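Trainee: Make a model of the complete structure from these sequences and hints.
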Amino acid sequence: GESVGLHLPTLSVQEGDNSIINCAYSNSASDYFIWYKQESGKGPQFIIDIRSNMDKRQGQRVTVLLNKTVKHLSLQIAATQPGDSAVYFCAESDNAGNMLTFGGGTRLMVKP
Amino acid sequence: KAGVTQTPRYLIKTRGQQVTLSCSPISGHRSVSWYQQTPGQGLQFLFEYFSETQRNKGNFPGRFSGRQFSNSRSEMNVSTLELGDSALYLCASSPGTAYQETQYFGPGTRLLVL
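Listed in order, the protein sequences are those of chains A and B.
Residue numbering for the first sequence follows the numbering used here, starting at 1 and increasing by one per position.
Residue numbering for the second sequence follows the numbering used here, starting at 1 and increasing by one per position.
Wrong hints could be hidden among the right ones.
What the hints assert, rightly or not - Once the Cα atoms are required to be at most 25 angstroms apart in a straight line, the calculated BS3-like pairs of lysine-lysine come out as:
| no. | chain 1 | residue 1 | chain 2 | residue 2 |
| --- | --- | --- | --- | --- |
| 1 | B | 1 | A | 42 |
| 2 | A | 111 | A | 68 |
| 3 | A | 56 | A | 68 |
| 4 | A | 71 | A | 56 |
| 5 | B | 13 | A | 68 |
To be verified - Now the in silico label distances, taken between C-beta atoms and shown as ranges:
| no. | chain 1 | residue 1 | chain 2 | residue 2 | range |
| --- | --- | --- | --- | --- | --- |
| 6 | B | 80 | A | 54 | 43 to 49 angstroms |
| 7 | A | 9 | B | 95 | 31 to 37 angstroms |
| 8 | A | 14 | B | 51 | 47 to 53 angstroms |
| 9 | B | 67 | A | 40 | 41 to 47 angstroms |
| 10 | B | 59 | A | 51 | 23 to 29 angstroms |
| 11 | A | 51 | B | 38 | 38 to 44 angstroms |
| 12 | B | 98 | A | 45 | 19 to 25 angstroms |
| 13 | A | 78 | B | 51 | 36 to 42 angstroms |
| 14 | B | 10 | A | 107 | 20 to 26 angstroms |
By construction, these hints were calculated from the structure, which means they are not laboratory data.
Note that the structure is predicted; figures quoted are calculated from it, not measured.
Beta carbons: idealized from backbone N, C-alpha and C, even for Gly.
Mentor: Shown next, in the form of structure tokens:
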């Protein structure tokens, strides 16, 4: 992922709508990907992960899509709720152990 | 199970001092990783410890060091603090039985260097 520094991209959605958060990664050797959610004052919270032998994985209200051809990852949140408001990070690993490389993050704001 | 705990939660230090941060992993987890989070650089990997040995290291100067104890608890130390070391330091643990495991993060220690 690419760091975007102080100015996080922001996605603003209406409560009940679906959200799609995107992430581009640069390391073609990465084969494990994770999405984390970070609320203010807290550490990142695991949402869902996917390995490179898959292109889609679903969890509760969340779906991760992986397109290895264009090195793109997305997180879809269904029926977005105010409690989903947070910063979302994608992270990648290239089988060099448990070292994760994080993207810059996207701030999701849910309007009631 | 209790989550990852980090102490202290907040610290204020002055330039040139050193600091030690502590992390207790989830019970049964043997791998502990440390990350630095700043507004400018985002989340960056510092190092990972497994069975008291450093298994991976990120691109940080030698002023940043760590260790892991036999009970899997880990500490990181930053010597000769610089203003730029002000950050949220996050610890994450995983079982350590395989590579590329889900890592669970603690709440972090917020360090302010004056």
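Trainee: Check the following: the C-beta atoms of residue 9 of chain A and residue 95 of chain B are separated by a distance inside 31 to 37 angstroms.
Mentor: 33 angstroms, holds
Trainee: Decide if the proposed pair is consistent with the structure: residue 1 of chain B and residue 42 of chain A, CA atoms, cutoff 25 angstroms inclusive.
Mentor: The given pair, whose Cα atoms are some 18 angstroms apart, holds under the 25 angstroms limit.
Trainee: Against the range 19 to 25 angstroms, how does the distance between the Cβ atoms of residue 98 of chain B and residue 45 of chain A compare: consistent or not?
Mentor: 21 angstroms, holds
Trainee: Is 47 to 53 angstroms a correct range for the gap between the Cβ atoms of residue 14 of chain A and residue 51 of chain B?
Mentor: The hinted range 47 to 53 angstroms holds for residue 14 of chain A and residue 51 of chain B, with Cβ atoms some 49 angstroms apart.
Trainee: Do the beta carbons of residue 59 of chain B and residue 51 of chain A sit within 23 to 29 angstroms of each other?
Mentor: 26 angstroms, holds
Trainee: Falls inside 38 to 44 angstroms, the C-beta gap from residue 51 of chain A to residue 38 of chain B?
Mentor: With Cβ atoms ~29 angstroms apart, the hint is violated.
Trainee: Compare the distance between the alpha carbons of residue 13 of chain B and residue 68 of chain A with 25 angstroms, and conclude whether the hinted pair is satisfied.
Mentor: 44 angstroms, violated
Trainee: Hinted pair, alpha-carbon criterion (25 angstroms max): residue 56 of chain A, residue 68 of chain A. Please report holds or violated.
Mentor: Roughly 11 angstroms separates the two Cα atoms, so the pair holds.
Trainee: If you check the beta carbons of residue 10 of chain B and residue 107 of chain A, does the distance land in 20 to 26 angstroms?
Mentor: Taking Cβ atoms as reference, residue 10 of chain B and residue 107 of chain A lie about 24 angstroms apart, which means the hint holds.
Trainee: Indicate whether the distance between the beta carbons of residue 80 of chain B and residue 54 of chain A respects the range 43 to 49 angstroms.
Mentor: 45 angstroms, holds
Trainee: Can you confirm whether the C-alpha distance between residue 71 of chain A and residue 56 of chain A stays at or below 25 angstroms?
Mentor: 14 angstroms, holds
Trainee: With the threshold set at 25 angstroms, check whether the alpha-carbon distance from residue 111 of chain A to residue 68 of chain A stays at or below it.
Mentor: The hint is violated at about 33 angstroms.
Checked against the numbered hints listed earlier, the structure breaks hints 2, 5, 9, 11; every other hint is satisfied.
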